[in-house]
Each structure stands twice: as structure tokens, then as C-alpha cells.
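Chemist: Here is how the chains run, residue by residue.
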Amino acid sequence: MAFNTEKNNMPFEVKDCALITRMGGVDTAVNLRELRERISVCPQACLFHHFSETLVRPTFDDPEFRNDFAVWSARLLRDRVLAERLGILNPYSFDSLEQLREVVVDIIDDRLSELPFIPSVPIGDDFIFMQAATVVFDCGITLERPEDLVKVFPTMSNSSIYYHFIEARRRTEDKTDDFTNWMQGFGSGCEKLIDAFKNVDFYYLTLPELKKTLIKALNPFMLKSCDE
Amino acid sequence: MYRDVVGDVAIMQLQELAEDLKGAKVVHVNSTRIGGGVAEILHWLTPLMIDLGLDASWEIIEGNEQFFNVTKSFHNGLQGNRVALTNSMIEAYQETLVENNKRLCPILENADYVFIHDPQPAYLLSLCPQHKGKWIWRCHIDVSHPNRKVWNYLKNIASHYDASIFSMPLFAQRLPHPQFIIAPSIDPLSEKNCDLTQKEINRTLERFGISKHIPILTQVSRFDRFKDPIGVIEAFNLLNGSVDAQLVLAGGGASDDPEGEAVYQEVLEAAKDDDRIFILKLPNDAHRTINALQRASTIIIQKSLQEGFGLTVTEAMWKSKPVIGGNVGGIRLQVHNHHTGFLVDTPEGAALRMRELLRQPDKIKAMGKTSKSFVTQNFLLTRHLREYLTLMLAFRRGLENDLISV
Numbered sequence: 106m107a108f109n110t111e112k113n114n115m116p117f118e119v120k121d122c123a124l125i126t127r128m129g130g131v132d133t134a135v136n137l138r139e140l141r142e143r144i145s146v147c148p149q150a151c152l153f154h155h156f157s158e159t160l161v162r163p164t165f166d167d168p169e170f171r172n173d174f175a176v177w178s179a180r181l182l183r184d185r186v187l188a189e190r191l192g193i194l195n196p197y198s199f200d201s202l203e204q205l206r207e208v209v210v211d212i213i214d215d216r217l218s219e220l221p222f223i224p225s226v227p228i229g230d231d232f233i234f235m236q237a238a239t240v241v242f243d244c245g246i247t248l249e250r251p252e253d254l255v256k257v258f259p260t261m262s263n264s265s266i267y268y269h270f271i272e273a274r275r276r277t278e279d280k281t282d283d284f285t286n287w288m289q290g291f292g293s294g295c296e297k298l299i300d301a302f303k304n305v306d307f308y309y310l311t312l313p314e315l316k317k318t319l320i321k322a323l324n325p326f327m328l329k330s331c332d333e
Numbered sequence: 273m274y275r276d277v278v279g280d281v282a283i284m285q286l287q288e289l290a291e292d293l294k295g296a297k298v299v300h301v302n303s304t305r306i307g308g309g310v311a312e313i314l315h316w317l318t319p320l321m322i323d324l325g326l327d328a329s330w331e332i333i334e335g336n337e338q339f340f341n342v343t344k345s346f347h348n349g350l351q352g353n354r355v356a357l358t359n360s361m362i363e364a365y366q367e368t369l370v371e372n373n374k375r376l377c378p379i380l381e382n383a384d385y386v387f388i389h390d391p392q393p394a395y396l397l398s399l400c401p402q403h404k405g406k407w408i409w410r411c412h413i414d415v416s417h418p419n420r421k422v423w424n425y426l427k428n429i430a431s432h433y434d435a436s437i438f439s440m441p442l443f444a445q446r447l448p449h450p451q452f453i454i455a456p457s458i459d460p461l462s463e464k465n466c467d468l469t470q471k472e473i474n475r476t477l478e479r480f481g482i483s484k485h486i487p488i489l490t491q492v493s494r495f496d497r498f499k500d501p502i503g504v505i506e507a508f509n510l511l512n513g514s515v516d517a518q519l520v521l522a523g524g525g526a527s528d529d530p531e532g533e534a535v536y537q538e539v540l541e542a543a544k545d546d547d548r549i550f551i552l553k554l555p556n557d558a559h560r561t562i563n564a565l566q567r568a569s570t571i572i573i574q575k576s577l578q579e580g581f582g583l584t585v586t587e588a589m590w591k592s593k594p595v596i597g598g599n600v601g602g603i604r605l606q607v608h609n610h611h612t613g614f615l616v617d618t619p620e621g622a623a624l625r626m627r628e629l630l631r632q633p634d635k636i637k638a639m640g641k642t643s644k645s646f647v648t649q650n651f652l653l654t655r656h657l658r659e660y661l662t663l664m665l666a667f668r669r670g671l672e673n674d675l676i677s678v
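The listed protein sequences derive, respectively, from chains A and B.
With positions in the first sequence counted from 1, the corresponding number in my numbering is that position plus 105.
With positions in the second sequence counted from 1, the corresponding number in my numbering is that position plus 272.
Result set (DSSO-like, lysine-lysine): computed pairs, CA atoms no more than 30 Å apart in a straight line: (1) A:Lys-280 x A:Lys-120; (2) B:Lys-641 x A:Lys-316; (3) B:Lys-591 x B:Lys-484; (4) A:Lys-280 x A:Lys-321; (5) B:Lys-635 x A:Lys-316; (6) B:Lys-591 x B:Lys-644; (7) A:Lys-256 x B:Lys-641; (8) A:Lys-321 x B:Lys-644; (9) B:Lys-635 x A:Lys-317; (10) A:Lys-120 x B:Lys-294; (11) B:Lys-641 x A:Lys-321; (12) B:Lys-404 x B:Lys-374; (13) A:Lys-280 x A:Lys-256; (14) A:Lys-321 x B:Lys-637; (15) B:Lys-344 x B:Lys-553; (16) A:Lys-256 x B:Lys-644; (17) B:Lys-406 x B:Lys-297; (18) A:Lys-120 x B:Lys-644; (19) B:Lys-637 x A:Lys-317; (20) A:Lys-120 x B:Lys-406; (21) B:Lys-637 x A:Lys-316; (22) B:Lys-484 x B:Lys-637; (23) B:Lys-544 x B:Lys-484; (24) A:Lys-317 x B:Lys-591; (25) A:Lys-316 x A:Lys-303; (26) A:Lys-316 x B:Lys-591.
By construction, these hints were calculated from the structure, which means they are not laboratory data.
Use the sequences and the hints to build the structure in full.
Modeler: As C-alpha cells, this is what we get:
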């Protein structure tokens, strides 16, 4: 398989990003009712952080759920039912963070109505609301044609892949990744790779896993490159 | 040299981030150049910032015994201990900083970024009204449950800063400015963490009469009740010979700490009839010895009853060791049951996990591999430096944005 593309697009500038986390400016939550109240008023940046930026935050952990609300529910509130309901949410499937917020609050309301008590945690196990600033910087690498992805992809950092493949969905109009957006500007030959990228269920993967999956999607093109 | 450990990408990230900060005047201020975790950090942070093209410098404040007694009270008070805070103490504190300010003010007022480490130099901001740069209070202490009187005084000072940095969200206090989180890190090339030859490791074991053929369980910590050394011995005794093992409790010298000496004596007493237990009181600079003991160990124990971040846990994980740690503080962030070790609340829990691991060498290996990978990716000094650079860039481009292009 090979790309059969005519260049009719701007070069792709490879970027990378770094995160600095900060307190979310919202009180901590020591029980499920407080969590619900805080989520309903916290800045959108907090929601985005706890759902999406968990992947790029320094951690010693590889939790079973991708968002912090589900992890807290499972580990500290010890409510696996709630954890699973929150854990399945994919923030990129919502039109906006406000819509995501509504759904989260709704799930918690449902859970509160099912329980005969308000689950709480000991002091010190509170849910702490955080947010982050992402600084985006140039890697000094420019791709002229989709074929160049084959060579560059394996050398990209996890945070660079996060920025172009995941974070892009909050920046782009059609909520897609930067690679797909770029490749769409080329002629035939890219559709299969675009489809392969589209089929990656990225939200449930760690960044190293995501990188491996994307490289696997690129494999047919890599083999061709090697042959040449 | 760091490139060999962290890889090209991590170094490239630092270089790219620093590009926009080249020439920026950055001043770090703390109260000592030798000893303690803050000085250790500044010993690598300042030169690395310079290597990246920033105009970074490190200043220290000077003070007499009375000043350091007051700041020691601040330190203890911030950690929640009951301490006295009198007007004369405040006067002694402020007067010392007024003296220091005569020398430091021209440097600080011209800086683009001033990082004031811990409470000792914090009052300097009030003395530099003409400053042009951003002042950031870097608090390395857990201030989650401070003595109210001490905190009220220091909060008033800290509130005037442009931002503060804490090591963990749990350690932070509400302040009227952005509070950033930068977790600590370890230096992989330092004496305490660099690679050692098997010969050097073996020599260290020989020096203390520890067998290299029998599994070693090691806790590295000061002789302090909060580190629960007696609990570790209890846990070891509960193994009751069911698995062959040796226990090493290694800690820094405590001759200047009356309570530390008392705890050391208790530990000696608790271990006196057991030749499988080694109590090692080491000088504060015995970094290579500690490194060798950690590397020779099969499992690392950190059964603290109260803990800050717990960098000894990070150090153990860097050396691919599983950790049996107390279910407290930063240990909880680092140790995850069945993945990187076990969290325990009792000597019984520690004994159970010691036995479980000692009987499953494959598990030890797998946990060690996972642990090293987490530390390599997230807890080496390159990540720490990257976050400082990111913070400065975020300031430069406006903190109201959560996505900043440079």
C-alpha cells in the first residue's frame, strides 16, 4: 500500500505541549453531594482537566478508568456502580463541555436518588479540583507529505501525540485529529489511513498504547517505505 | 549526560520550551546552600536553567541563631505543630530580612521571575516594592493542616505573591492567586541514584556484614517515630522464619536531635537479639552507601505513619524495587497495590506483603519494571525543570489562557 497523493496542502508543523497544573479554585468535595455541587459550578477547564488531561499529567498510576471522577468514585468513595457509569463517558463524544457537565451531574443525581445515604470519604481523601495550562511549542519538524508521517511518528513524544491526536478535538471544528485534518487536504491514497486513525478508540488508551496503536495503523505504509 | 537517561525527546522539549525564555532573569532564593531537600534541588535546577540559556542565579539569605529558631518555628507550625509566635519573634524575622534586602534588593527588583523557596525568605517581597517581575512562593512544606496563628501571619505575606507552588494538591492552602502543583523529582545522576557496579554494591554489603545470598528488606529513613521503625521490626518478626530474609534499617545521623537519638536507642533495643536485623546509623552524606543498600535490596519498605511526598519511595522505584509503604501522604500517590508494591496500615499488613512478595520473585521483577518506567517518565528532574519553564511561559503569555502557543 502506498500513498498516491498530489501535494495541495500546507506543510504540517509538528508541535509538542507541556502542562502545568494548578488548583481549580473550587472547594474540595468530601461526599457525593458536594462533588455534584462543585461539578455543577467548576470552571470548564477543571472538567477538561479531569476528563482529558489525566493522560499527560505526571503520575505513578495507570488507573482502570480514564477520568478522575470515576477513579475517585471507585477508589475512595468505593462506589463502583457510579465509577462505571462515569468511566464510560467519552468527553469527545459531547458537543461541548457544558453538555458533558450536564450528563455528569445527571449521573450523580441518579446515583444519589438510588442510595439510602450520601457516600463520603475521610478527610484527606477529598476530591481536589484541578485545572491546567497547556503550553504548545514547535518541535522544528515539518511534514510535507503524508508519507513523512511514517518516518516521524515513531520519534514523536507522547505529549506531541496527545496534542495532535487528542487535544486537537477541542480545537478543530469537526472534532477530529490534526493528522486527519491535514491528510484530508491531499488527494486519493490517504482515505485508508484516515479511516484507520478514525477507528482508533483512543479515549481508553494510555499515551504509549495510543502511540503503538497509531504506529500499527501506519504499518502498511511503513512496510512500503522500507521496500522502497 | 541526562540525555542518556531521559532520551533525546525530553531534552529537546526543554530546549524548545526554553527558547522563548532565553535571557530571562530568574532568581531563586532560599536560606541555605548546603543540606536539605531545597538546596539539593537548587544545586541542579539553577545550572540546568543556565545551560538552557536563562540568566538564572541562586541567592541565599543569612541570619543568626535567633532568626533560624523563628523560621524553624514557622516550619513546625506550618506542619501543624503547636508553636509560639510572639511579636519579638516576628520582629527578629523581619529585621533579618531587612538586613538581607540591602544586598538582595537590586538583584530581585531586576529579575523577571523570583522564586522564593519556603517561608524563610518570604518577607522579602514586602521589601521590594519596585520589583518588575513575577514573584512566586515555592512552598516545599505540607501546609494542609497548619497551626492557625503561624499560617495567618505567613498567609498575609504569601497572599501578595503572584502565584505559589506546592508539591501536591493535598499540601496546598487556599490563597488569592494561582496555586500551581509541581511534584518533586529525583536526580538520576546524583550519588544517591546513579548506577553502581555490582562490585561496589557487594563491598557495601560486606562492610556491614549483610549477606548477598539472602533476600534483603530495607527501610531508609531518619530514626523518627513517624517512620515507624519499630513497626517494621514487628512486621519482620511476624515473618517468624517462614521465609529467609534480612532486615536493614538505615538512617541519617540523629546526634543533634534528642528525640531521634531516643528512637535510635529503642530500635537498637528492639533488634538486639536478632542477627538478621541490621541497624545502620549513617552520616548525612552517605548517599552512595544508601544507593548501594537500596540496589542490593529485594524489597524496599517505607512504613511511615505520616509522610510528605516520600522521595525515598521514588528512589526505590527508580532502582526497580517494589515498595511496601505506609498508606499515608505521598506514598499513596506512588505505590499502587499489585502494580508497584503494596500500601499497608499495620505491621501485620506489612508482614503479609513481605511474605507474598518474597515467595513470588516474578512479581518482584514485574513490579520493579513498572515502577522504574513510571519514575523515568514522570519523576526525574527533567520533568521538574519542564514544569518550571512551562509555568514561566504561562505567566509570560497570560494565565487567563489554558492553551498557550509559544
